[in-house]
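Chains as they are written, first to last, in our numbering: chain A, 1 to 198; chain B, 1001 to 1387.
Think of the hints as simulated: they come from the structure by calculation, not from any bench.
Any given hint could be a false lead.
Listed below are the simulated BS3-like cross-link pairs for lysine-lysine, each with C-alpha atoms no more than 25 Å apart in a straight line [unchecked claim]:
#, chain 1, residue 1, chain 2, residue 2
1, A, K111, A, K94
2, B, K1191, A, K38
3, A, K94, B, K1038
4, A, K43, B, K1290
5, A, K138, A, K111
6, A, K162, A, K19
7, B, K1038, A, K83
Examples of chain B residues lying across from chain A (beta carbon under 8 Å, computed) [said to hold, decoys possible]:
#, residue
8, R1023
9, N1024
10, Q1027
11, R1030
12, I1033
13, A1040
14, G1042
Glycine included, C-beta positions come from ideal geometry on N, C-alpha and C.
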Amino acid sequence: MHICSQCFREFNPLFLKTKLGDIDVLSIYAYDETIRDKLYRLKGCHDIELSPIFLDYFILEMTFRYWGYVMVPAPSWHEDNEKREFNHVEEIFKNIPLKMVKALIKTDNVKQADLHFSERQKIGQRIVIMENIDLAGKNILFVDDVMTTGATSKACVELLKKTGAKKVKILVMSKTIDPKGKSKSIIDSNHDTPHVTP
Amino acid sequence: MIMPENYICPRCGNKEIKFTGVRNGHQYCRLCIGFQGKEASGGGLFHREVSPTIDYDLSHDQTEISNQVCRNYDEGINTLIHAVCGAGKTELVFSVMAQALSRGQRVGFAIPRRDVVIELTKRLAKTFPCLSVVNIYGGHHDEIEGDIVVLTTHQLYRFEHYFDLLIVDEIDAFPFKGNKVLVSLFKRSVKGHYVVMSATPSDEVISLFSKPGYKMLQLYTRYHGHRLPEPKIVLLPGFFKLLFLLKTIWDFANENKPCFIFVATIERCEEINRFLKFFLKGGNCVHSKKTDRSEIIEKFRQGKYRYLVTTAVLERGVTIKNLQVIIFSADHQLYDSRSLVQISGRVGRKPDAPEGEVVYLSDRLTKAMEQAVEEIRFANLHVQTML
């Protein structure tokens, strides 16, 4: 399914480039009302037909930008996927003609959205990398739908680096942006003294 | 993927292939997919004696219509109540609700707008003090079953074949009007019969209720027996409209009369508000993007503002004493005759201030404006012949 250009006017692509540690992050949209509504319809109402609309106009660009990379989708709890009958991150990014390797698994059902900043950092304990997957010497592109504090991405990227990947980059569909313009992420805050988000 | 030709959605009855999707090899309906949440199970109800407590008397016409509605419900006839703005529509169904409730039947009251749901819940709780009144709207659905369920029309998806008596008010209002999904969800939720109410029903609704098994009841008088204020049409070009607007509001402010200025779009609303503020302090604007809407309206009720610039959000369900109304650019395509009649119906709703002024301020005369004036005149003529 494609989105018509009239409806696409609601979307507001930003192509925001940030860094998470020493890793490049590209977020296509800001996590605004439009994205939230559409994502709710996709994830909460299980409307799989909506999944291609987010990247519809940027597939060619993404293909060239990340040519030679292997996509690794963010893990989600397997029972959620069974209930939903699909994995939304895979569905959103599957139209980019790059190889996709499902290398990460979530071992516990805890929603990052329900947690505070400091609790979010413990996500690393709940994600494991699949054995018998060889990513050594490869360029890896970690993909996710929403990035808030960057805790999940950071944990996943650290796991991926241990596999001996040559290069790791992050592509997120949307990123929450503070209204003050300062982004609420661990990128620019001190890791030892995390501030708790209200 | 070969899709079956004859897919019909079990919830909303959608038959069109273009509104369906395929997930894991199953076809699903995309038209009503947004309606997801807890659904009613249908617990037991018991018989009891119920009578509405109202601290005022119904007028002669109101009593007659109210009794007729009860008779229709007994005979299994669906009813449309066509009553002018400010006729006291809600009171008309209290007795039929009491009748159904004392038989231990399930009663629901649906309205398209959520502000009205909240208001009505308070009112029904006062009228039926010994019963539990539950309200459901977007973001408020912890409890969905009670003696009386007051809900927005969107929330009807939670009930399947449930209500013995369902009352739907303002069927001509957005978003219910012309929304096929909501209409089919409405039909799905009714087990027994329904009563729909409107001040300005569309021709399709009127023709539906002329069929056997349906009945239309008309009420042309307001509950206080006074006539509807007739709109005054003022035709002025461009900038003169603003001058006239300013002068009129100035006059109203001097006479201590609160005033609504209706404008078509949100941008225009802000513009006009900025313009008026420059000359006349003590006003504000209200539109759907304002988050503190209810507070502003509450302040206006208390008389802290002299005028309020508003979009169609305040078109319905607002009663303010001694209100005056100006429709700025009444020739805008957004206004059809129904919404003009609705807006005019804001004026003179209280028995101690039954008069008021309605001004259609516009560049040119449109058909909708003519029709609206005609409708109001027709209703007023009826009042005269009945007296």
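Hints versus structure:
For the suggested pair A/K111 and A/K94, the alpha carbons sit about 23 Å apart, so the restraint of at most 25 Å is met. A hinted pair counts as satisfied when its Cα atoms are at most 25 Å apart, and B/K1191 with A/K38 does not qualify at roughly 34 Å. Between A/K94 and B/K1038 the CA atoms are separated by roughly 32 Å; this puts the pair beyond 25 Å, and the hint is violated. Straight-line distance between C-alpha atoms of A/K43 and B/K1290 comes to about 29 Å, which puts the hinted pair past the 25 Å bound.
With a C-alpha separation of about 30 Å, the suggested pairing of A/K138 with A/K111 is violated against the 25 Å cut-off. Simply put, A/K162 and A/K19 have alpha-carbon atoms about 19 Å apart, close enough for the 25 Å limit, and the pair holds. Distance hint between B/K1038 and A/K83 is fulfilled; the C-alpha atoms sit about 16 Å from each other, no more than 25 Å. The criterion of a C-beta within 8 Å of any C-beta in chain A is met by B/R1023, whose closest approach is roughly 5 Å, and the hint holds.
Given hint, B/N1024 at the interface with chain A, holds; its Cβ is 5 Å from that chain's nearest Cβ, closer than 8 Å. Taken as an interface hint, B/Q1027 does not check out: its beta carbon lies about 11 Å from the nearest beta carbon of chain A, beyond 8 Å. Given the 8 Å rule on beta carbons, the hint for B/R1030 holds: about 6 Å separates it from the nearest Cβ of chain A. With a least beta-carbon distance of about 5 Å to chain A, the hint placing B/I1033 at the interface is held under the 8 Å criterion.
The beta carbon of B/A1040 comes no nearer than 19 Å to any beta carbon in chain A, farther than 8 Å, and the hint placing it at the interface is violated. Given the 8 Å rule on beta carbons, the hint for B/G1042 is violated: about 24 Å separates it from the nearest Cβ of chain A.
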